[in-house]
Amino acid sequence: MLQARKAGSQATTVSIEIQNVEKRYPATGNGPGTHALRNVSLSVSKGEVVVIIGPSGSGKSTLLRTINALETVDGGSIMVDGVSVTDKATNLPAFRTRVGMVFQHFNLFLHMTAFRNVVLPPIAVKGVSKADAEAAANKYLARVGMLDRAHAYPAQLSGGQQQRIAIARALAMEPQVMLFDEATSALDPEAVGGVLDLMRELAGEGMTMVVVTHEMSFAREVADRVVFMDAGAIVETSTPEEIFQNAKSERTQKFLSLVGSA
Amino acid sequence: MSEFWSTVQSVFNYRFVLQYQDQFLLGIYNTIIAAGLSLVLSLTFGFVVALMRLSGRKPLVYAATSYIQIIRSTPLLLQIYIVYFGLPSLIPAMGRMPEIVLGTIALTLHTTAYMSEIIRSGILSVPRGQREGAIAVGMTTLQQYRYVILPQGIVNVIPALLGQTAILIKDTSLLSLITVFDIVSAGMLLNSDLVRPNEGFLTVAAIFFAFYLVMVFVSHLVESRLAGRGWRSVA
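Chains as they are written, first to last, in our numbering: chain H, 2 to 263; chain S, -6 to 228.
Counterexamples of contact, computed for chain S against chain H with all Cβ distances above 12 Å:
(1) 4
(2) 12
(3) 41
(4) 52
(5) 63
(6) 75
(7) 199
Far from chain S by the CB rule (all over 12 Å, computed), these chain H residues:
(8) 78
(9) 89
(10) 190
(11) 236
(12) 242
(13) 250
Quick partial rundown of chain S residues pointing at chain H, CB under 10 Å, derived from the structure:
(14) 119
(15) 124
(16) 125
(17) 126
(18) 127
(19) 128
(20) 129
(21) 144
(22) 145
(23) 148
(24) 220
(25) 225
These are calculated hints, taken from the structure and not from any lab test. As the structure is a prediction and not an experimental result, all values here were calculated from the model. Glycine included, every Cβ here is placed at the ideal spot set by N, Cα and C.
Starting from the given sequences, assemble the full structure and let the hints guide the process.
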């Protein structure tokens, strides 16, 4: 599966088109407002794996969350597979069924078993029949290696197991795009590798992916392009080789030397 | 043995209770009607008031908040009197309604305020990530509430809902003051006819206790229906 990847990423059609996006958080009683995204533009082709790196508070998660409109934007436009996310008239719930999202803290439904977590969304949201949804759930739970724990509740599972189920839940919706928001940041070191392997496999199968991560080795190996963000803006975008070996911007070089794995 | 038995009977003679069983049954029936209807209605309206308070729209928030504060700051008995005497003067048709209807309206108005606060805290108890997980798989707001927020939120506040329901059942006794024949009225009647306070009032206490046991049982059913066992257990 790993070998199939480069062929999949040859596709040239645009999947995600982010143009001049602006986002500000207003000042609150607790502190001043922030300019979270400054004139950010990024386009992702079908089958491409884009990894966003950068220091904390640089806006990478915010950018990722604007792609499925978990965050609204104050300016600019975002198109995903021809649907305008930033257009007020867009039916966002229907649109989101095409974009899978994996969170840092999994966000599995705590009152449901792993199996029910994967079965419910297609039934409730897409109107898939119970039998089809259950077949799909079995398939994707087997895929992430969690079939034997299908009837456990999230609280009975380790972080790594929960994250695998969260990935199965997202895949069961058969999305066109997968977004990963620091999917391994809350896992113990042992579990990180397994989840990264799963993400690597997905990339190898040609899934369009936008990944926010602090795992530099993953960015190096799996990314088609790496985006470095700082202070709400994209500092530079390049191939992993370019970024990690001769980054143009001093800010990028400094960040990479600090995180060590460059 | 027979001496012991006659001592017991001198303190509590169940035959007097049986003699008044029709009155007790009528009291139980009226209490179930008033409390049952008020429970269903106050949960429904309580949910609406809770959503109004959470809506963030000022007119709705103010309306809901003032309603809750007015109800909480005045005695239930006063609210019952206002509904009983005031509503018919406002809407003459209400004057032809049986007392229990007016009593049920008053209990509902009262209990809704408390239920809405419990439901609101239940909704707020659901972690933000749960809602985001539901949004991300494409659920509409209605679906988020139906599948994720309400089941978890309600389970989190079941002890409080149970407590408020127990209060509601006990509060039906105040309806005897607007001539609704409730369980306490039946005990009162027995005592004033026969001057047997134990048979009169201990029976009433036992009936209220039985109601409470049923409520505890029902709340366990609701809990396991909404969220399977073990969802809070630790790996």
